[in-house]
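J.: One-letter residues, chain by chain:
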Amino acid sequence: GQNIDQPTEMTATEGAIVQINCTYQTSGFNGLFWYQQHAGEAPTFLSYNVLDGLEEKGRFSSFLSRSKGYSYLLLKELQMKDSASYLCAVRAPGGGATNKLIFGTGTLLAVQP
Amino acid sequence: DTEVTQTPKHLVMGMTNKKSLKCEQHMGHRAMYWYKQKAKKPPELMFVYSYEKLSINESVPSRFSPECPNSSLLNLHLHALQPEDSALYLCASSQTAYEQYFGPGTRLTVT
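Note that the protein sequences, when read in sequence, are chains A and B.
Read in my numbering, the first sequence has 812 at position 80, and its numbers run on one by one without any break.
Read in my numbering, the second sequence has 195 at position 45, and its numbers run on one by one without any break.
Derived from the structure by calculation, the hints contain no laboratory data.
Predicted, not measured: the structure shown is a model, and the values here were computed from it.
Check each hint, because a few of them may be wrong.
Not close to chain B: a few residues of chain A, all C-beta gaps over 12 Å, as computed [what the hints assert, rightly or not]:
{"id": "1", "residue": "Thr-740"}
{"id": "2", "residue": "Glu-746"}
{"id": "3", "residue": "Ala-748"}
{"id": "4", "residue": "Gln-751"}
{"id": "5", "residue": "Gln-757"}
{"id": "6", "residue": "Ser-759"}
{"id": "7", "residue": "Gly-763"}
{"id": "8", "residue": "Thr-776"}
{"id": "9", "residue": "Glu-788"}
{"id": "10", "residue": "Phe-795"}
{"id": "11", "residue": "Tyr-804"}
{"id": "12", "residue": "Leu-806"}
{"id": "13", "residue": "Asp-814"}
{"id": "14", "residue": "Lys-832"}
{"id": "15", "residue": "Gly-836"}
Simulated pairs of lysine-lysine, DSS-like, Cα-Cα distance not exceeding 30 Å [as the list claims (entries may be wrong)]:
{"id": "16", "chain 1": "B", "residue 1": "Lys-203", "chain 2": "A", "residue 2": "Lys-789"}
{"id": "17", "chain 1": "A", "residue 1": "Lys-808", "chain 2": "B", "residue 2": "Lys-168"}
{"id": "18", "chain 1": "B", "residue 1": "Lys-159", "chain 2": "A", "residue 2": "Lys-800"}
{"id": "19", "chain 1": "B", "residue 1": "Lys-203", "chain 2": "A", "residue 2": "Lys-808"}
{"id": "20", "chain 1": "A", "residue 1": "Lys-832", "chain 2": "B", "residue 2": "Lys-190"}
{"id": "21", "chain 1": "B", "residue 1": "Lys-169", "chain 2": "B", "residue 2": "Lys-191"}
{"id": "22", "chain 1": "B", "residue 1": "Lys-190", "chain 2": "A", "residue 2": "Lys-813"}
{"id": "23", "chain 1": "B", "residue 1": "Lys-172", "chain 2": "A", "residue 2": "Lys-800"}
{"id": "24", "chain 1": "A", "residue 1": "Lys-832", "chain 2": "B", "residue 2": "Lys-203"}
{"id": "25", "chain 1": "B", "residue 1": "Lys-169", "chain 2": "A", "residue 2": "Lys-808"}
{"id": "26", "chain 1": "A", "residue 1": "Lys-808", "chain 2": "B", "residue 2": "Lys-172"}
{"id": "27", "chain 1": "A", "residue 1": "Lys-800", "chain 2": "B", "residue 2": "Lys-168"}
{"id": "28", "chain 1": "A", "residue 1": "Lys-808", "chain 2": "B", "residue 2": "Lys-191"}
{"id": "29", "chain 1": "B", "residue 1": "Lys-169", "chain 2": "A", "residue 2": "Lys-800"}
{"id": "30", "chain 1": "B", "residue 1": "Lys-169", "chain 2": "A", "residue 2": "Lys-789"}
{"id": "31", "chain 1": "B", "residue 1": "Lys-172", "chain 2": "A", "residue 2": "Lys-832"}
{"id": "32", "chain 1": "A", "residue 1": "Lys-808", "chain 2": "B", "residue 2": "Lys-159"}
{"id": "33", "chain 1": "B", "residue 1": "Lys-203", "chain 2": "A", "residue 2": "Lys-800"}
{"id": "34", "chain 1": "A", "residue 1": "Lys-813", "chain 2": "B", "residue 2": "Lys-191"}
{"id": "35", "chain 1": "B", "residue 1": "Lys-203", "chain 2": "A", "residue 2": "Lys-813"}
{"id": "36", "chain 1": "B", "residue 1": "Lys-169", "chain 2": "A", "residue 2": "Lys-813"}
Backbone N, C-alpha and C fix where the C-beta goes; we use that ideal spot for every residue, glycine too.
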């Protein structure tokens, strides 16, 4: 079966750091994506991890541990515009350039002044 | 141009209507996708086209019919939909395994 879990909601303060966790149990694994989605808008790509470790991209970092079935997205120096849903998605194996993504339930982050 | 465009932005249709959603990308991507997203839920994959051929159909009801006329265009034909089909329909495209670009979506309401 496919099971990807994230906290439903989180609240953080402007300027702070927040970590959004994602745990997965899937029949096969070929990488993990993080997307940001503002209400009523399309998801936008944030990061992709396929090997264990930390990937850093500006204020956003993503970590993966394949043995633990665990990833997190770290957002630093939070800004009000970071208020959005954050979606963790596992890429199913096979398919070459096509990505069959299985999305988690998403975490709604509210950044407060 | 790193943009996926979708038309229309909003669509209201009756259960007996036939309508089509359109998606276009000019990034040279060879894989294109349709997703359905209900409110406060994650996107659910419906169809994947690879090199203009249907490669994945996630057991979608036949009232949804995808079409890929060429490598830049993806259509979703709708017929005899139900109110529960009301959702945001997202198109996406990818060239590599590392990214998938989403369009802004079509907000569909079935009355």
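J.: Next step is simple, just say for each hint if it's right about the structure.
T.: Hint by hint, here is what the structure shows:
For Thr-740 (chain A), the requirement that its beta carbon stay farther than 12 Å from each beta carbon of chain B is not met, with the minimum near 9 Å. At the 12 Å boundary, the C-beta of Glu-746 (chain A) stays outside the reach of chain B, the nearest C-beta of that chain being 24 Å off. Every CB of chain B is more than 12 Å from the CB of Ala-748 (chain A) (nearest about 25 Å), matching its label as outside the interface. With a minimum CB-CB distance of about 20 Å to chain B, Gln-751 (chain A) clears the 12 Å threshold, and the non-interface call stands.
Taking the minimum C-beta to C-beta distance to chain B, about 16 Å, the non-interface status of Gln-757 (chain A) holds against the 12 Å cut. Separation of Ser-759 (chain A) from chain B is adequate, the least Cβ-Cβ distance of about 15 Å exceeding the 12 Å criterion. The Cβ of Gly-763 (chain A) sits about 7 Å from the closest Cβ of chain B, inside the 12 Å cut-off, so the non-interface label is violated. With a cut of 12 Å on Cβ distances, Thr-776 (chain A) falls inside the contact zone with chain B, its closest approach being about 7 Å.
At roughly 16 Å from the closest C-beta of chain B, the C-beta of Glu-788 (chain A) stays outside 12 Å, upholding its exclusion from the interface. Distance to chain B confirms Phe-795 (chain A) as a non-interface residue, since its nearest Cβ pair spans about 17 Å, more than 12 Å. No beta-carbon of chain B comes within 12 Å of the beta-carbon of Tyr-804 (chain A); the shortest separation is about 18 Å. No Cβ of chain B comes within 12 Å of the Cβ of Leu-806 (chain A); the nearest lies about 20 Å off, and the non-interface call holds.
The non-interface label for Asp-814 (chain A) is consistent with chain B: the shortest C-beta to C-beta separation is roughly 19 Å, beyond 12 Å. Its closest Cβ contact with chain B, about 6 Å, brings Lys-832 (chain A) to no more than 12 Å, contrary to its assignment away from the interface. For Gly-836 (chain A), the condition that its CB be more than 12 Å from all CB atoms of chain B is violated, with the nearest at approximately 6 Å. Among the hinted pairs, Lys-203 (chain B) with Lys-789 (chain A) is inconsistent with the structure: their alpha-carbon atoms are about 35 Å apart, more than 30 Å.
For the proposed pair Lys-808 (chain A) and Lys-168 (chain B), the alpha carbon gap of about 47 Å is over 30 Å, so the pair is violated. A C-alpha spacing of about 41 Å is found between Lys-159 (chain B) and Lys-800 (chain A), which places the hinted pair above 30 Å, so the restraint is violated. Distance hint between Lys-203 (chain B) and Lys-808 (chain A) is unfulfilled; the C-alpha atoms sit about 42 Å from each other, more than 30 Å. With a C-alpha separation of about 21 Å, the suggested pairing of Lys-832 (chain A) with Lys-190 (chain B) holds against the 30 Å cut-off.
Between Lys-169 (chain B) and Lys-191 (chain B) the alpha-carbon distance is near 24 Å, which keeps this suggested pair within the 30 Å criterion. With a CA separation close to 19 Å, the supplied pair Lys-190 (chain B) and Lys-813 (chain A) stays within the 30 Å bound. About 41 Å separates the Cα atoms of Lys-172 (chain B) and Lys-800 (chain A), which puts this hinted pair outside 30 Å; it is violated. The suggested pairing of Lys-832 (chain A) with Lys-203 (chain B) holds, with an alpha-carbon distance near 15 Å, which does not exceed 30 Å.
Distance hint between Lys-169 (chain B) and Lys-808 (chain A) is unfulfilled; the C-alpha atoms sit about 44 Å from each other, more than 30 Å. Pair hint Lys-808 (chain A) plus Lys-172 (chain B) does not hold up; C-alpha atoms about 38 Å apart against a cutoff of 30 Å. Among the hinted pairs, Lys-800 (chain A) with Lys-168 (chain B) is inconsistent with the structure: their alpha-carbon atoms are about 47 Å apart, more than 30 Å. Of the pairs offered as hints, the one joining Lys-808 (chain A) and Lys-191 (chain B) holds, with about 26 Å between alpha carbons and a cut-off of 30 Å not exceeded.
About 46 Å separates the Cα atoms of Lys-169 (chain B) and Lys-800 (chain A), which puts this hinted pair outside 30 Å; it is violated. Between Lys-169 (chain B) and Lys-789 (chain A) the CA atoms are separated by roughly 41 Å; this puts the pair beyond 30 Å, and the hint is violated. Among the hinted pairs, Lys-172 (chain B) with Lys-832 (chain A) is consistent with the structure: their alpha-carbon atoms are about 21 Å apart, no more than 30 Å. Simply put, Lys-808 (chain A) and Lys-159 (chain B) have alpha-carbon atoms about 33 Å apart, too far for the 30 Å limit, and the pair is violated.
Of the pairs offered as hints, the one joining Lys-203 (chain B) and Lys-800 (chain A) is violated, with about 36 Å between alpha carbons and a cut-off of 30 Å exceeded. With a CA separation close to 21 Å, the supplied pair Lys-813 (chain A) and Lys-191 (chain B) stays within the 30 Å bound. A C-alpha spacing of about 39 Å is found between Lys-203 (chain B) and Lys-813 (chain A), which places the hinted pair above 30 Å, so the restraint is violated. The suggested pairing of Lys-169 (chain B) with Lys-813 (chain A) is violated, with an alpha-carbon distance near 35 Å, which exceeds 30 Å.
Against the hints set out earlier in the document, violations occur for numbers 1, 7, 8, 14, 15, 16, 17, 18, 19, 23, 25, 26, 27, 29, 30, 32, 33, 35 and 36.
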